[in-house]
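Student: Residue numbers (this note's numbering), protein chains in the order written: chain A, 1 to 176; chain B, 1001 to 1351.
Each hint should be verified, as a subset may be incorrect.
With a Cα cut of at most 25 Å, we get these calculated DSS-like pairs of lysine-lysine [as the list claims (entries may be wrong)]:
| # | chain 1 | residue 1 | chain 2 | residue 2 |
| --- | --- | --- | --- | --- |
| 1 | B | Lys1003 | B | Lys1184 |
| 2 | B | Lys1272 | A | Lys30 |
| 3 | B | Lys1342 | B | Lys1241 |
| 4 | B | Lys1226 | B | Lys1191 |
| 5 | B | Lys1295 | B | Lys1272 |
| 6 | B | Lys1340 | A | Lys85 |
| 7 | B | Lys1226 | B | Lys1126 |
| 8 | B | Lys1159 | B | Lys1191 |
| 9 | B | Lys1342 | A | Lys85 |
| 10 | B | Lys1295 | B | Lys1340 |
| 11 | A | Lys136 | A | Lys30 |
| 12 | B | Lys1003 | A | Lys30 |
| 13 | A | Lys136 | A | Lys85 |
| 14 | B | Lys1226 | B | Lys1295 |
| 15 | B | Lys1180 | A | Lys30 |
Source of the hints: derived by calculation from the structure; they are not laboratory data.
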Amino acid sequence: MTEIIIAGFGGQGVLVMGQLLANAGMLEGKEVSWYPSYGPEQRGGTCNCSVVISAGEIGSPIVSEPDAVIVMNRPSLDRFEPAVKPGGILVYNTTLVDRAPERSDITAIGIPATAVADELGNSRIANMVALGAFLKASPVVSPESISRSLERVLSQRHHHLIPLNMQALERGRAYQ
Amino acid sequence: MAKVLMKGNEALAEAAIRAGCRAFYGYPITPQNEVPSYMAQNLPERGGVYLQAESEVSAINMVYGAAGCGVRVMTSSSSPGLSLKMEGISYIAAAELPCVIVNVMRCGPGLGGIHPGQGDYFQAVKGGGHGDYRLIVLAPASVQEMADLTFEAFDLADKWRNPVMILADGLLGQMMEPVKFSQKEPLAVEKPWATTGARGRRPNTVNTLDIVPESLERRNYALADKYSRIAQSETRWQEYKTEDADLLLAAYGTSARVARSAVDMARAEGLKVGLIRPISLWPFPSEPFERHHGKEFLVVEMSMGQLVEDVRLAVNGQGTVHFHNRLGGMVPTPREVLVKIKDILLGGEGQ
Chain A
1 MTEIIIAGFG GQGVLVMGQL LANAGMLEGK EVSWYPSYGP EQRGGTCNCS
51 VVISAGEIGS PIVSEPDAVI VMNRPSLDRF EPAVKPGGIL VYNTTLVDRA
101 PERSDITAIG IPATAVADEL GNSRIANMVA LGAFLKASPV VSPESISRSL
151 ERVLSQRHHH LIPLNMQALE RGRAYQ
Chain B
1001 MAKVLMKGNE ALAEAAIRAG CRAFYGYPIT PQNEVPSYMA QNLPERGGVY
1051 LQAESEVSAI NMVYGAAGCG VRVMTSSSSP GLSLKMEGIS YIAAAELPCV
1101 IVNVMRCGPG LGGIHPGQGD YFQAVKGGGH GDYRLIVLAP ASVQEMADLT
1151 FEAFDLADKW RNPVMILADG LLGQMMEPVK FSQKEPLAVE KPWATTGARG
1201 RRPNTVNTLD IVPESLERRN YALADKYSRI AQSETRWQEY KTEDADLLLA
1251 AYGTSARVAR SAVDMARAEG LKVGLIRPIS LWPFPSEPFE RHHGKEFLVV
1301 EMSMGQLVED VRLAVNGQGT VHFHNRLGGM VPTPREVLVK IKDILLGGEG
1351 Q
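Using the sequences and the hints, build the whole thing.
Tutor: Here it is in structure tokens:
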């Protein structure tokens, strides 16, 4: 069972990242759940979602001891770094996070996701760059399943952006 | 049909349309807004009527009208909204009209918060509105059940001419899980009582006023008789690892998911623990509790001991009923339930 928390500003595509992971897990025949932080939230505020990918039935979809955390901004690092399980993974967006993680008992992976997305010409695909970096460190689902999930998660009018999204995912996976 | 990843609220709405729901009346409230949103988007193009009412009170009375016409009809809301609907629900139950009422519970009381809660258990199963009436109350514990039980709710409503409530919560409504929609056909029920225009027959009337005591008493007994027949044939529950259990957990909906994980954690430590999950909250499944008389019980809920009361009635003094809960939008964790389990079975030494 892999339990993941993804967090960032509203508008960074944090919920979509989680939906892609959950969808990809489902396509690979696993049990999955996705649960958003919901509430009086807004674009620019913080938001997060919990994703569980499991071989067996899933109990609570709320993740409190994540195997992996992906944070897209500084407030999310402050909030979720302490939650990562010892030995777990922390992916953080160095473009918007201005400090290094403090934990030494986890694998921390810094990637300038927003800067890489800007290079690709669209800062809104920073989420896919970070997702790529995470999947390289923890291949819980395949890039092919993510590609198929994009067709399901993105609305029809955004399907022309799927190649760009996959390009961003690959840049994240290739980042050293 | 392949599985799709959907929010519980959306799966519920899609299942309702597949069950033949052709009228939806509601008023927005978090955390159930995906239900009216899905209905607004999909119901008109699939031959139905979607209408956002000016309040919950008008929505439930529109349901009353549509149900009287024999249309499969649904309304959806969350806790404070349900309180507003209670008068109408009592009327619909009294008039013996079929409809489906959804409560995606949030935490209360009062305006409370928008996070998951189970504090409307009493309201759902003990009345809420005035008078001696009963709702059939179904409690899903997964997105799949949000779909399956909603489909079934329409059949049960028609079969018994009674309102059926789906009692879910914000977590089940907001979470996404894979769901597969059944290809089942809705139950076809004749509705000779419906007010469809009296051409060629005597008029049908829908009325709940009966000021002759002898007559109204008879009417109450007739309702009670129907309720006891429903109790005999529509009680539903699920048991998990109960057979050899020394301690039986009791939980429904979201709490049952947490309790089930706690059962697995306890079993991994060699503790004989099981779970009784009521699926119909009314009629309440007393049978599995009676079968385990003499054992220990632990109720897990997101309310202040409301489920405890029905478990106590079923245990009837033949066993100790313990209690663990969270409130205010907090969801219990499997680990904290495990601590309680150890406290009961090992007297705290397992901590």
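Student: I'd like to know which numbered hints this structure contradicts. Please list them from smallest to largest.
Tutor: Numbers 2, 14 - these are the hints that the structure violates, sorted from lowest upward.
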